[in-house]
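Peer 1: Spelled out, the chains give:
2 protein chains.
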Amino acid sequence: MIQINEHYTKLQSSYLFVEIARRVEAFQQQNPGREVIKLGIGDVTRALTPSVVQAFHSAIDEMASDQSFRGYGPEQGYAFLREAIVASDYAPRGLAIGADDVFVSDGAKCDTGNIQELFDSAITVAVPDPVYPVYVDTNVMAGRSGAWDRGRYQGLVYLEATPRNGFVPSPPAGPVDLIYLCFPNNPTGVVATTDQLARWVEYARSNKALILFDAAYVEFIRDPNIPHSIYEIPGADEVAIEFRSFSKTAGFTGTRCAYTVVPAKCTAYRADGSPHSVRDLWSRRQSTKFNGVSYPVQRAAAAACSRHGRHEIRQLSDYYLENARIILEAMRLIGYSCSGGQDAPYIWVDAKGAGSWDLFELLLHKAGVVTTPGSGFGRCGEGFIRISAFNHREKVETAVEKITSALR
Amino acid sequence: MIQINEHYTKLQSSYLFVEIARRVEAFQQQNPGREVIKLGIGDVTRALTPSVVQAFHSAIDEMASDQSFRGYGPEQGYAFLREAIVASDYAPRGLAIGADDVFVSDGAKCDTGNIQELFDSAITVAVPDPVYPVYVDTNVMAGRSGAWDRGRYQGLVYLEATPRNGFVPSPPAGPVDLIYLCFPNNPTGVVATTDQLARWVEYARSNKALILFDAAYVEFIRDPNIPHSIYEIPGADEVAIEFRSFSKTAGFTGTRCAYTVVPAKCTAYRADGSPHSVRDLWSRRQSTKFNGVSYPVQRAAAAACSRHGRHEIRQLSDYYLENARIILEAMRLIGYSCSGGQDAPYIWVDAKGAGSWDLFELLLHKAGVVTTPGSGFGRCGEGFIRISAFNHREKVETAVEKITSALR
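Going line by line, the protein sequences match chains A and B.
Quick note: the first sequence, position 68, residue 67 per numbering that gives the first Met the number 0, numbers continuous.
Quick note: the second sequence, position 196, residue 195 per numbering that gives the first Met the number 0, numbers continuous.
Errors might be hidden in some of the hints.
Which copy is meant is left open, because identical chains are indistinguishable; a pair holds if it fits in one copy or across any two.
As the list claims (entries may be wrong) - Below, simulated DMTMM-like cross-link-like pairs (lysine to aspartate or glutamate); rule was C-alpha separation at most 20 angstroms, straight line:
1. K37 - D65
2. K9 - E116
3. K394 - D349
4. K351 - D222
5. K365 - D148
6. K264 - E237
7. K207 - D279
The set of hints was computed from the structure by calculation and includes no laboratory data.
Keep in mind it's a predicted model, so treat the numbers as computed, not measured.
So that you can see chain A by itself, here it is in the shape it has in the complex (with noise of 0.2 angstroms):
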């Protein structure tokens, strides 16, 4: 008999963006009149740039003749990719992460769910509360969970931000072997600082434990003293894996390209207490599973990586912050509390005692806003918003008056 994977029916159905869907559509069908703007979803609305443009259709160019076509490339990316990276992302902060160490890959949703198979499935795993929800689920299907109560899976240690720790949490006192840590935080829009990513990395040196950062939205970071990436704390590059995408920063939600950085020196330990590289697994994984992203893909994410794509990019992503700013004043002046949006792309609002969903509610009948419940990413999230700045400027600009009349 083919039996299931009894793991899966742990899982909650994935209700948030459905619920949101399902409530303005009623909405929307009772005001058919009635403009509503979304600033719910983390998708960019902005084009490819230039650069990535004339890439992506040279290298179509080269697809479509005989003598310049390419079949299977490596799994692991173009060295062209990742030379670009390191180049473009590491080198010029001091790091020595090499090409070897960057996996090109077509998400990092994909990677960050996928990384936890190359572990125990008896390991304990942290996630931050908020959360992302890809680090959760991909642990409850694997079996490192109980069953859902009240709010959590049973058996999965959560890190609790809230604002009593201006939303960084810190290190756990009893030991965790995996911890999902993301900065510039999804959902609240918070940045650790030097010092609270040293905790980790101490902690994790001291526990023999693995951190996955989750750095997707790095190119929002103006703070010049906030940390690009967990190897700029020394000795991160034995105990963390890093993650980025070009989805957030070059536009690339659609166009799907991402990578991982598995230093050399990332370990892992074998049942016995002995070492293991964590870089041979994940090749592995990723040689056995994968078969490596789309050649033009690769090409137009190369010219982001170039000097001038980086200026294109550049200024999409401040784009982006300055939307992130209008939503963050208005807010402020209207006497909401908030978090993020200064160095991420993401506002998060203390809906001053309020539940989430009376807030969304609230923006939503009253403004024709469309947000998401705070309590959507987990029970530390009851009681906020997030607002999200990727839309266009005058639907922004747009949401910010008419929240400031319906809330005033």
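Chain A is already provided as a structure; the job is to place chain B on it using the hints.
Peer 2: Coordinates of chain B only, in the frame set by chain A:
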């Protein structure tokens, strides 16, 4: 302590293509002037077709403008592509596969590798021998095998494909739960008849087993009596998943697009014996760990499904099949018994009592032609080599002349 997935340590190093590359390099160093023609790896060599190229370019132009830009797409693939696939590949054969049964992905390797996650770790898995290594390795990584022992993993059931059964194994006497089949077959090039597939469907229905049917090479079938889809067998929609790819059909090995069909009726079981939808499991897996295929790639793939696109693609497969015919005829003329090469791009050559590596070496040194030793695909591949028809015509003609002079 972050402990590794110990099952990875059971994996044998994927020596086959590495070892081939090593021997070819050594040969070239010893014989610097001699031409080497590669008929080893199964990778296409001809350019993307005009319809595909045009749609690919056009989609990038859409991404270059804010007004027509697309961000995240549906994880399952855009409806335009899923509908084009049904209209191109299933509806014309009278099969009731719907667009909701189709899941677009970036490769059949990923899908055939990931699909096993849906099932319990204690199920019994049957794989062909010789085999596409992904079927085996992904189950080893998931803990469904014992140790490597004299060329096989303990705990897996091997379905032997030999001259005695015409390289089409029959269902085993005992019960197995998950069955990997591949027709047209890689590496043997054989196809399965309706009767042969019907026996497998009957077996799966009787044993509550599930068939994973890899049809990546379906485009090469010319014999009108050979089924193109497992769903041509009545009742297969309840017990089979089908994998298809644009790689070998439309020359997408470097462009990356494939799809998996999971019919609504396809059923697995919970521990208590109650039925569970496999499509729901795969949908959940893909929406959790995958973010859809690049939008321009999906447009390119849809163009390959159009009437004109299909005509172009037919010319591509005709070209490779003519290569196969040339190779097959030549090998038979010089007295080698072969299978495949008629409805498939691979010719499986019986080495006439020599070892796989012996014939490989002979062809490399005497003819300068690279093939693939059959023993690399499993114990039953010993004594065979695989010759691939994926190369330019002139190269194939030269290779065949050299082989003929060397072995005649």
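Peer 1: Hint by hint, note whether the structure agrees.
Peer 2: A quick look at each hint next to the structure:
1. K37 - D65: between (45 angstroms within a copy, 16 angstroms between copies)
2. K9 - E116: both (18 angstroms within a copy, 15 angstroms between copies)
3. K394 - D349: neither (23 angstroms within a copy, 68 angstroms between copies)
4. K351 - D222: neither (28 angstroms within a copy, 71 angstroms between copies)
5. K365 - D148: neither (34 angstroms within a copy, 69 angstroms between copies)
6. K264 - E237: Within one copy only: 5 angstroms inside, 48 angstroms across.
7. K207 - D279: Intra 18 angstroms, inter 38 angstroms, cutoff 20 angstroms: intra-copy only.
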